[in-house]
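S.K.: Chains as they are written, first to last, in numbering that gives the first Met the number 0: chain A, 0 to 103; chain B, 0 to 158.
Everything labelled a hint here was simulated from the structure, so no lab data went into it.
Quick caveat, the model's predicted, so the values are computed rather than measured.
Every clue listed holds true.
Interface residues of chain A toward chain B, partial, derived using beta-carbon atoms under 10 angstroms:
id : residue
1  : LYS69
2  : GLU74
3  : GLY85
Derived SDA-like pairs (lysine to any residue); straight-line CA-CA distance at most 25 angstroms:
id : chain 1 : residue 1 : chain 2 : residue 2
4  : A       : LYS69     : B       : GLY103
5  : A       : LYS76     : B       : PHE133
6  : A       : LYS84     : B       : PRO100
7  : A       : LYS76     : B       : SER153
8  : A       : LYS69     : B       : HIS88
9  : A       : LYS84     : B       : LYS10
10 : B       : LYS17     : A       : VAL103
11 : B       : LYS10     : B       : GLY139
12 : A       : LYS69     : B       : GLU21
13 : A       : LYS76     : B       : GLY37
14 : B       : LYS96     : A       : GLU74
15 : A       : LYS89     : B       : PRO7
What follows is a list of derived Cβ distance ranges for each label pair:
id : chain 1 : residue 1 : chain 2 : residue 2 : range
16 : A       : GLU26     : B       : PHE126    : 49 to 59 angstroms
17 : A       : LYS76     : B       : MET125    : 26 to 36 angstroms
18 : A       : GLU31     : B       : ALA121    : 49 to 59 angstroms
19 : A       : GLU36     : B       : PHE85     : 43 to 53 angstroms
20 : A       : GLY72     : B       : ILE4      : 37 to 47 angstroms
21 : B       : LEU128    : A       : GLU74     : 25 to 35 angstroms
22 : B       : ALA84     : A       : SER6      : 54 to 64 angstroms
23 : B       : GLN154    : A       : LYS69     : 24 to 34 angstroms
24 : B       : ARG54     : A       : LYS76     : 15 to 25 angstroms
25 : B       : ILE8      : A       : GLY72     : 23 to 33 angstroms
26 : B       : ILE155    : A       : GLY72     : 31 to 41 angstroms
27 : B       : THR74     : A       : GLY72     : 40 to 50 angstroms
28 : A       : LYS69     : B       : VAL143    : 28 to 38 angstroms
29 : A       : GLY72     : B       : MET82     : 37 to 47 angstroms
Where a beta carbon is used, it is the ideal one built from N, C-alpha and C, also for glycine.
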Amino acid sequence: MTTREISGKQLELDRDGHLTDASAWNEDIARELAGEEGIALTDRHWVVINYMRKEHAATGVVPTVRKITKNSGVETKEMYELFPKGPGKKAAKISGLPKPVGCV
Amino acid sequence: MNMEIPEPIKKVSIIISKGSLEGVYPGLIMANGARMEGIEADLFFTFFGLDAIIRKRMNSLKVATVGNPAMHMPTLLGALPGMSAFATHMMKKEMDKIDIPPVGEFIEMISDAGANIYACLATVEMFHLKKEDFCDQVDGILTVGEFYEKSAGSQIIFT
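Using the sequences and the hints, build the whole thing.
M.R.: Put into structure tokens, the structure is as follows:
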């Protein structure tokens, strides 16, 4: 576990670089984390982020890629375009959530 | 002492050679899982594995209940009419619970995720199949040589 400054806040990160406290997250943090991944957030990214945040708040579980593409309105192809090289992990990281657990 | 961190896997080439439901799913899950991790993936279907990409057959694959000791069922019982259909029904129900899609939808998902899907030429010729018999996601029919060529730098997984 490490602590570093993101968007002016001291935040604790787990070993995968995800925030340990989802409630410490805000939209500026998302923009900065996305920037570090080389992603400039668009409205479509926000559809995914908002869905993931909402789902996590309601169920306590980080949705898998399959759940996201089934329920958020963003389909598989687009999901891989929005978050290249690891859609589930990257989207979760930017959303301030832990890595999703699941095989699909 | 070598303290270097091992190189992460960059590409996998997964061969699916069996046509039963339990023979096809592991390869599909591994291919999709690779893409989710940002790993390139090629899927190569050969022998009875081809059923998973044949339009008319892909959604009616069955669990084999005979000759599989892990079914925990006497072979003769497994051979009774309806046994395979029953086991297939049960497995599909459990798969759905953990959000694993039916084969047709899964192939589409894997293709949309950026994996390439290939059929084996020798099997296509042996079974007298035509390009039209395959689902739209099939990217080509390859010889084994072409498969190895495309697998340059990748880990080959045979299932």
